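Q: One-letter residues, chain by chain:
Protein chains: 2
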Amino acid sequence: MTDIASALGILQRGTHEILVASELRKKLESGRKLRIKAGFDPTAPDLHLGHSVLLTKMRQFQDLGHEVIFLIGDFTGRIGDPTGKNVTRKPLTEEEVKINAQTYREQVFKILDPDKTEVRFNAEWFSSMSAADMIELAGQSTVARMLERDDFDKRYSAGQPISIHEFLYPLVQGYDSVALETDVELGGTDQKFNLLMGREVQKHFGQTPQVVITMPLLEGLDGVQKMSKSLGNYVGVDEAPGAMFNKLVSMPDSLMWRYFELLSLKSNEEIAALRRDVDAGANPRDIKMVLARELIGRYHGEEAATNAHRSAGNQLAEGELPEDLPEIDVDFEGSAQAPIAAVLNRSGLANNSAQAKDMLGNGRVRVDGEVVARDHMLETGRSYVIQAGKKRYGRIILS
Amino acid sequence: MTDIASALGILQRGTHEILVASELRKKLESGRKLRIKAGFDPTAPDLHLGHSVLLTKMRQFQDLGHEVIFLIGDFTGRIGDPTGKNVTRKPLTEEEVKINAQTYREQVFKILDPDKTEVRFNAEWFSSMSAADMIELAGQSTVARMLERDDFDKRYSAGQPISIHEFLYPLVQGYDSVALETDVELGGTDQKFNLLMGREVQKHFGQTPQVVITMPLLEGLDGVQKMSKSLGNYVGVDEAPGAMFNKLVSMPDSLMWRYFELLSLKSNEEIAALRRDVDAGANPRDIKMVLARELIGRYHGEEAATNAHRSAGNQLAEGELPEDLPEIDVDFEGSAQAPIAAVLNRSGLANNSAQAKDMLGNGRVRVDGEVVARDHMLETGRSYVIQAGKKRYGRIILS
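So the protein lines, in turn, are chains Y and G.
Here my numbering runs 8 ahead of the position in the first sequence, where the first position is 1.
Here my numbering runs 8 ahead of the position in the second sequence, where the first position is 1.
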């Protein structure tokens with residue numbers, strides 16, 4: 009096993025908080041294979057790089073020899089919303105949970121090492137738990153403590169109803185750590201309260217409390233707001249290599265070190281070396297290409313990464329095409345036609361629809377070599393070579 | 009079945025609140041045999057007349073043809089206090105619950121008609137309930153609603169901890185009404201919140217909500233504070249006939265109608281007739297004797313009631329003894345000797361130890377005809393004829 013200081017160096021990188029860091033050191037020093045847990049909703053996963061921050065940290069633990077537990081919270085998902093008020097939180101069936109779990113597996117094993125990962129479902133222990141045990145569990149926290157949680161506090165102060173069962177869920181999550189004998193639990197900063205609850209519950213059941221590590225939210229490509237599908241500033245983990253490449257290489261220079269810190273599996277030393285290169289005058293674009301190559305390699309394999317890299321490495325004049333065009337699939341779900349602005353937006357050739365319209369308005373978009381107007385329509389079921397300005401291009405396969 | 013107006017007349021007597029009275033009328037008009045529930049702790053019962061207020065109302069329902077469910081809340085009793093902080097709330101064993109239930113039966117069937125009583129235990133449905141069902145149940149109320157309960161509100165405002173499991177208990181009690189398909193639930197005024205919760209939970213499970221009837225606390229013999237063992241102003245349901253008689257006949261006149269209202273099974277018309285007697289000049293003491301006779305008859309049988317009545321009917325001079333002495337058992341649990349003051353207090357010949365000492369100090373206490381001093385000791389394992397002042401006397405059997 010790597011020496012402790014270096015292990016701590018990589019594990020602490022990018023974290024928001026470690027509670028308690030001295031306990032983490034102690035656990036690492038024990039030489040034991042630690043049990044690292046992170047919990048995920050059983051709803052349909054559709055991951056972007058923002059979600060991968062946690063998984064990357066889990067992978068770092070695996071690379072240091074520890075065991076990761078990818079926990080799917082199907083127990084509460086299968087209860088749904090007992091108040092019946094939240095129609096969007098319908099109970100999931102066992103079948104739906106299975107399908108979603110399979111999708112998770114496909115996506116997360118691009119980051120995690122399958123050999124050092126347990127995929128578990130908390131219905132395993134909760135479906136056989138009795139009401140009496142749940143009452144005992146409920147005795148492990150107080151109303152005042154729950155109302156310290158930020159969102160509960162706000163809702164309570166605003167006079168919005170909080171159902172009693174919502175107070176049980178942090179305890180349920182805490183009990184997961186008991187059932188799994190967790191050494192470390194990872195989560196977003198918004199999970200801090202629930203993660204700490206795990207420590208309380210473990211103490212009650214006579215276990216050594218877990219170390220809690222919170223990871224920050226990843227900024228989106230705009231470098232300002234958190235990465236989110238609805239804000240359009242994201243990179244999906246199943247986006248085509250070309251789209252991924254274009255998005256990553258176009259991000260603001262100020263953002264790239266943050267992405268290295270949170271998404272790269274490179275060592276701290278390797279990243280420090282890249283920083284020295286930039287200080288010595290290297291083009292930040294080249295550094296972003298290093299990152300893009302690592303991430304595309306992770307999600308699409310080495311070959312795709314190499315091609316995306318080589319293609320983009322060519323310096324092109326407007327209208328000139330590289331030899332290896334990135335292929336980008338865009339699905340219009342049964343429509344016969346697709347507006348060019350939507351194609352640019354969805355393929356990642358434009359950052360957003362405003363930019364797509366700007367480029368179209370300025371005559372900077374060519375489809376199969378011809379400049380097209382804003383209202384141009386493409387047909388689905390075939391492919392086009394599309395260029396948007398100097399740097400962005402691809403073979404767009406419309407379906 | 010008696011006509012509805014007259015049924016309502018007896019059922020409304022002495023109640024604190026009926027929620028909702030129009031629903032009760034409707035249920036009575038249905039002609040169905042209604043299911044009347046009251047819940048009791050599974051801890052060791054030691055009932056006094058204060059507890060019998062509820063049982064008397066239950067008996068009135070039985071006399072009108074309805075079915076009473078005497079529910080013993082053993083489920084929560086067997087959980088105890090999951091926080092482990094309240095050492096006095098240790099979990100009860102199944103054996104302890106059985107023993108306590110037997111004691112309850114012996115005491116309550118002196119008031120209730122055993123043929124129209126179901127004795128039930130809520131572990132019947134809760135011991136097989138799953139954690140998931142408990143979470144669903146917890147979804148049926150909100151934090152704000154729970155904090156409306158007076159005692160929760162006070163503790164929360166005072167910064168005293170409220171464990172989450174305490175929020176589950178009103179819902180557990182509410183679910184009892186679902187399991188039992190209750191039409192009417194009775195309880196003390198302090199139970200109003202929990203009883204109303206039963207209505208909410210029944211609605212969620214598609215049942216017609218129960219009518220809630222709250223009964224006031226019975227004033228003790230001092231006519232001021234609630235009846236309570238610790239205040240010494242009580243009549244225990246297993247007290248000896250003589251002690252019971254002495255206590256009841258000595259109560260303030262102002263209190264007797266209250267006791268009739270809440271403890272007597274006489275009809276409203278019979279009680280109205282007694283009031284007319286007093287208005288016409290009857291001695292209130294005679295009216296209290298009517299009450300004493302009814303209550304002693306209930307707990308000790310007709311013969312004991314008749315004797316107590318006749319004995320006390322004699323007007324005696326100090327030191328003179330009636331022909332039929334009431335017999336009063338006093339148990340000193342293995343002690344060889346018993347101080348006279350304690351004997352007076354426990355036998356009911358004195359209202360409290362202060363009064364016992366006063367009477368001893370004034371030379372108004374005779375044992376087998378001889379005035380005794382404050383520090384006089386009696387031997388256990390035999391009986392004494394004891395007089396305390398003019399009106400109180402008995403054959404005290406010490407064990």
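Hints in this document: simulated from the structure, not taken from any laboratory.
Everything numeric in this text was worked out from a predicted model, so none of it was measured.
Backbone N, C-alpha and C fix where the C-beta goes; we use that ideal spot for every residue, glycine too.
You may find that some hints are simply not true.
As the list claims (entries may be wrong) - Selected chain Y positions facing chain G (in silico; Cβ < 8 Å):
id, residue
1, Ile77
2, Phe134
3, Ala140
4, Met142
5, Tyr164
6, Ser165
7, Phe175
As the list claims (entries may be wrong) - Partial pick of chain G residues on the chain Y-facing surface, computed with a CB cut under 8 Å:
id, residue
8, Phe134
9, Ser138
10, Ala139
11, Met142
12, Val151
13, Ile170
14, Ile172
15, Val232
16, Ser236
17, Leu239
18, Gly240
19, Asp383
Q: Look at each hint and say if it fits the structure.
A: Hints, one by one, checked against the model:
1. At a threshold of 8 Å, the smallest CB-CB gap from Ile77(Y) to chain G is about 21 Å, leaving the interface hint violated.
2. Hint status for Phe134(Y): holds, given a least beta-carbon distance of 6 Å to chain G, under 8 Å.
3. The interface hint given for Ala140(Y) holds, since its Cβ lies 6 Å from the closest Cβ of chain G, which is under the 8 Å cut-off.
4. For Met142(Y), the shortest C-beta to C-beta distance to chain G is roughly 4 Å, which falls under 8 Å, so the interface hint holds.
5. Contact between Tyr164(Y) and chain G, as hinted, is supported at the beta carbon level, the nearest pair being about 6 Å apart and thus within 8 Å.
6. For the restraint placing Ser165(Y) at the interface with chain G, the shortest Cβ-Cβ distance is roughly 11 Å, beyond the 8 Å limit, so the hint is violated.
7. For Phe175(Y), the shortest C-beta to C-beta distance to chain G is roughly 5 Å, which falls under 8 Å, so the interface hint holds.
8. Among the interface hints, the one on Phe134(G) holds; its C-beta lies about 6 Å from the nearest C-beta in chain Y, closer than the 8 Å criterion.
9. For Ser138(G), the shortest C-beta to C-beta distance to chain Y is roughly 6 Å, which falls under 8 Å, so the interface hint holds.
10. The beta carbon of Ala139(G) is positioned within 8 Å of a beta carbon in chain Y (closest approach about 4 Å), and the interface hint is therefore held.
11. Checking Met142(G) against chain Y by beta carbon gives a least distance of about 4 Å; that is within 8 Å, so the hint holds.
12. Taking 8 Å as the C-beta contact cut-off toward chain Y, the hint placing Val151(G) at the interface holds, the least distance being around 4 Å.
13. With a least beta-carbon distance of about 4 Å to chain Y, the hint placing Ile170(G) at the interface is held under the 8 Å criterion.
14. Hint status for Ile172(G): holds, given a least beta-carbon distance of 4 Å to chain Y, under 8 Å.
15. Because the closest C-beta pair between Val232(G) and chain Y is about 35 Å apart, greater than 8 Å, the hint is violated.
16. Hint status for Ser236(G): violated, given a least beta-carbon distance of 29 Å to chain Y, over 8 Å.
17. This hint is violated: Leu239(G) has a C-beta 32 Å from the nearest C-beta of chain Y, more than the 8 Å allowed.
18. About 35 Å separates the beta-carbon of Gly240(G) from the nearest beta-carbon of chain Y, more than 8 Å, and the hint is not met.
19. Here the hint on Asp383(G) is broken, as its CB sits about 51 Å from the closest CB of chain Y, past 8 Å.
Checked against the numbered hints above, the structure violates hints 1, 6, 15, 16, 17, 18, 19; every other hint is satisfied.
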